[in-house]
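Start from the sequences and build out the full structure, keeping to the hints where you can.
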Amino acid sequence: MASETRDIIINGLWKQNPGVVQILGMCPTLAVSTSLVNGLSLGLATAVVMALSNTAAALVSRLVPPAVRIPIYILIIATLVTMVDLLMHAYLLQLYLVLGIYIPLIVVNCIVLARVEAYASKHGAFYSFLDGLMMGLGLSLVLAVLGGMREIFGKGLLLSGIDLALGPAANAYVIHVLPGYQGLLLSILPPGAFIGLGLLIAARNRIEQVRALPRRSASLQPQQAT
Amino acid sequence: MNEFSHNIKLTSLSLFGFSVVGAVLLAGTFQLTRPSIEKSERDAKIKLIAQVLPAGSYDSDLVKSAHPLPADPLLGLRKPGEYYPATLAGKTSAVVLEAIAPDGYDGEIKLLVGIQPDGQLTGVRVTEHHETPGLGDYIDIAKSQWIRQFDGKSLDNPKPDDWKVKKDGGKFDYMTGATISPRAVVKAVEHALDYFAQHKAELLAQEVNHGQ
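In order, the protein sequences belong to chains E and H. Just so you know, we're using my numbering here: the first sequence kicks off at 2 and counts up by one. Just so you know, we're using my numbering here: the second sequence kicks off at -8 and counts up by one.
Source of the hints: derived by calculation from the structure; they are not laboratory data. Virtual Cβ for every residue (Gly too), placed ideally from N, Cα, C.
Stretch-level coverage of chain E by chain H, calculated; a stretch enters the list once three of its residues show a Cβ under 8 angstroms from a Cβ in chain H: (1) 65 to 74; (2) 83 to 90; (3) 180 to 194.
Derived Cβ-Cβ restraints for the label pairs, each shown as a range: (4) E:Val69 x H:Pro61: 42 to 50 angstroms; (5) H:Thr2 x E:Lys123: 16 to 24 angstroms; (6) H:Gln189 x E:Gly181: 44 to 52 angstroms; (7) H:Ser27 x E:Val69: 29 to 37 angstroms; (8) E:Gln95 x H:Ala14: 28 to 36 angstroms.
This is the structure in structure tokens:
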């Protein structure tokens, strides 16, 4: 039980991270990660939708004929996203004003469908919920870091746009990382997203490599001895 | 063969079933949330209309005095819209027109354009758009002050040839990387001013009748 839960958390956040390992759902990822606030907002909205769609798909998985499972999953996801969109617009207006434009983008994010198909269709509702949430948080992490990087290099700022989430007073939280910096437009434009994501993937692979080194040499030595 | 057709029936039935459930859920949510969404859109509209007018330049209830505006290609309206005359002590101080820029980067950009009787802009605001977040969305006052450069402009300030973004040889600022959105807005504002110039008499006269 506990180890399954731990595996799901580690998979979502690190081992199978959707952003830098599975490299799924790149269209909204690259388009929206122009600042930390933007990236994190889309990431969190995606996490909510993934948790919901995974749970829904796990609950109905026995009713779904295998031949038409993909259209049915897409139907479930699109219905959920539209419902979340409407409900947020009606009852959580402040949050909607910040996240609203990103919500329709979530439908086209293939990571949502990928998790429903790969995980939720074969597991129980609770683990599916957790898997969706953790995969979503893993994506949020990548989006936040990528957005932060692009913002620092592109504008010399961090947390710009936070006033949309927390009110005009939050403008004071905007950090001028590089005062007087002219800005590197490339970083904000789409190529900046590809370069930044490439760097993140490389960094993650390097960390994995370094972590694997001592273990590999430890496992090699006994073999050499025999 | 029998089993095959049985399978097909089962599959289509279940696909149909899921579609019906999905449609019912969506219709229910839509009905449930519609009043609340319409109210919040109306509240936001009142705030926006007030933004295109200078503070203290009117004392009338803007939304109550709304008049129908016929669908007109100059305004980009495919369906009839509304305009809002603002009066101060019974005299028209400005008219706020609904307009749509049809050629945004991702569909229509809805605008409110405030115009004084002498043809000078009191302000322009974007009420709805689908421009790329972080790139073309600076036309929105929430993201940048860009839209304020229209304040005080009119059809001969700048000259008609200069009603373009700077990249196209005009007088209006834009941000590198996103020229389609500002281009669409500049064009739509110019067209709204044209419309006002052509229909000035009706737009201002109807208000006076209404006020009495």
